[in-house]
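Just so you know, the protein sequences line up as chains A and B, in that order.
Taking this note's numbering, I'd label the letters of the first sequence as residues 5 to 95.
Taking this note's numbering, I'd label the letters of the second sequence as residues 943 to 1238.
Think of the hints as simulated: they come from the structure by calculation, not from any bench.
It should be emphasised that the depicted structure is a prediction, and the values quoted were computed from it without experimental measurement.
Beta carbons are placed, not taken as given, at the ideal position from N, Cα and C, and that holds for glycine.
Be a bit skeptical, because a hint or two may be false.
Claimed, not checked - Label-pair distances were calculated between CB atoms; the ranges are:
no., chain 1, residue 1, chain 2, residue 2, range
1, A, ILE26, B, ARG951, 16 to 24 Å
2, A, PRO47, B, LEU960, 25 to 33 Å
3, A, LEU86, B, SER1140, 53 to 61 Å
4, B, SER966, A, ILE21, 17 to 25 Å
5, B, TRP1142, A, THR38, 41 to 49 Å
6, B, PRO1096, A, PRO47, 42 to 50 Å
7, A, ILE63, B, THR1062, 28 to 36 Å
8, A, PRO39, B, VAL1023, 33 to 41 Å
9, A, PHE34, B, VAL1195, 40 to 48 Å
10, A, ILE21, B, THR1062, 32 to 40 Å
11, B, ILE957, A, PRO47, 28 to 36 Å
12, B, GLN1201, A, LEU24, 29 to 37 Å
13, A, PRO47, B, VAL1195, 36 to 44 Å
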Amino acid sequence: MAWMAWTWATAGFFGVILLLLIIMTLLAIFRPETPRRGVLGFPTTRGDRLFVSLIGSAIIFVVWIRVSGADNLWYPTGIALLYAAAMFRFA
Amino acid sequence: MMDKPWSNRAWFFVIPVLVVVLFSSLLPMMTVVNYSVQDTMGQNHFFWNGAAWFQNLLDPTTDIGGRFASALVRNLIFSFVVLMIELPLGIAVAICIPRHGWKVGATLVLIALPLLIPWTVVGTIWEIFARQDIGLLGAALNGIGVHYNDTQDPTSAWATIVMMDVWHWTGMIALLSYAGLKAIPDAFYQAARIDGASRWSVFRNIELPKLQKVLVIAVLLRFMESFMIYTEPSVVTGGGPGEATSFLSLDLVKIALGQVDLGNAAAMSIVYYLITLTICWIFFTIMTQLDQRKGA
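The shape of chain B in the complex, shown without the other chains (with noise of 0.2 Å):
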């Protein structure tokens, strides 16, 4: 079929970055699975322990079963509700974003400054920004009789981390929805606009297919963005009040290092995984179909 020679050699110059891959997440990773079936008394000294670990996670009765129930339900809330408002917020903003001159590169850069700030820094200028006394969106709240405060009231709590979430991600939807736009043929505008179409049917009938495979990708960035969420509400509400927003990954820091229970956390982790891989696995498969659908 081929006369040229073909040679594999080249896959050899992947073995560092799988040496690294290695001991950066691989054995890590085997260490969590040989936890999740031992206990341990400390000094290293580990003891079998079966599925138990994994019994007591999945039974909602148990203290860390109804922990990890509620965290999980609290966390598909959290990504369901930051994404329905950032996808069509982002949309929207993309659809704004001038497309010539020097007010392109200015809108830009102001949409990008949110994603380029560190996590904990967005969670300490939220954690100022919401206070009642210094904070101005939390003093002006209660100055105008809104009572508002998120270290004590869950709704106030969570209306923080979601409008934190959607001040930090909004503009990466917004970004990848402008690139998606921007790669639209003038030629189907001209079209629309010939054929008399509102600004409606054109963003319903041109924009909006066009843009499937970038909101796809949006779709499966925030959706584990948000379900892996950790630095952002831990700086802002450390998982409180109580636990109203003590998301997956927080409590599992607190089992992990809080409690050093190392089986329930291993347990956990690997549900946790499960779950997240998944997800991943199933939008991943979507989006090389909507690629190869494309293709054909």
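Bound-form chain A, shown alone (with noise of 0.2 Å):
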């Protein structure tokens, strides 16, 4: 494992995107959904809801170095999380 040069922040990262995994994956199961029509006018189910929310978020963080540098990345943090509650309630 050495070689991979693991981090706390990028275990915590990939942490968390197993556990959505999961929990997307109990919620499949116990919790089964019909696709719905929102904003982004196309049916999305909760899957696609999240893949938009991460890589929206991924790009928020893209668009916000490159406007205003890594320096605080605590304002990005909090768009993407803005973001994808919306995408999560009107997509």
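Both chains are sitting in their own frames, so use the hints and assemble them into the complex.
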């Protein structure tokens, strides 16, 4: 494992992703759903909304770092969380 | 609702594939993420570096950032140019392919030939083809007075790379479009003939709409491959002259393996991956939506 050069931050990141996937799997088993059509204009499931949230958050961080540097990453974190919440509510 | 016993245990057969994917792509990708937030002096000893590599990469005033920005623009232009040539050309070729008789097989094999050649060999073929001393293309062009030198002149280098890609991949779009054209029932053509439709309006109102799905797949495949192109330009121009044909993958390999600059290369890989993934997802969504609208 040493060759993979783990850090607490990246381990936490992948841990959260894994946790999200497990939660999504359990939800899919115990609370099955049907896709719904929201602001994106096409039917989405929970999984779609999670994917759109994650990829959108990554883009938010890239744009933030591009525009105002990497000094304070709590702002893009907040924006990304708001965006994810909006996606889960309205997409 | 259902009386039949329901078992998902067949999913366990997927486990071997998952293990292979874990070692072949998931663990290496996680390692790249780990590298992207650390710096190293070698000896497998790493220091925390936060988001500094990303800041470096996304700031076009730095060396790496400038290279990344210009490689990205070059790559997008390249993808756009080859798509604009290959797509109409591929459709045109597909329309001209005979529909019956022995000529079908012969034509399809001829068109598929470039697709069967290993990519390094495609590069070598064009490298030799473009040489001004012995290459057919290079020597002939210079012979008739056209200044052409793909190792020194950026325009010649670009022309060579674009022509090579068109030669290599137009066949795939032609084959896909041909399959799409064959799937159109004869009744449509008969109706058009009865209405006295011109060849153009048959193409515009019957063939093109029916090809829509196939063409979305063709655009997706061609965009992705041209956006990630490495082998052929690496053999023909090596990214030169200067940086003229240095696309994202070529630059990435130079940074990662040429300069062993792991942090910058890792950050670049992740942003590159993010762009590819986003575009891929957009295409995938369009494709499935087209499917569902047709099914509805």
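**Message:** Going through the numbered hints above, which ones does this structure break? Give me the numbers in ascending order.
**Reply:** Of the numbered hints, all hold.
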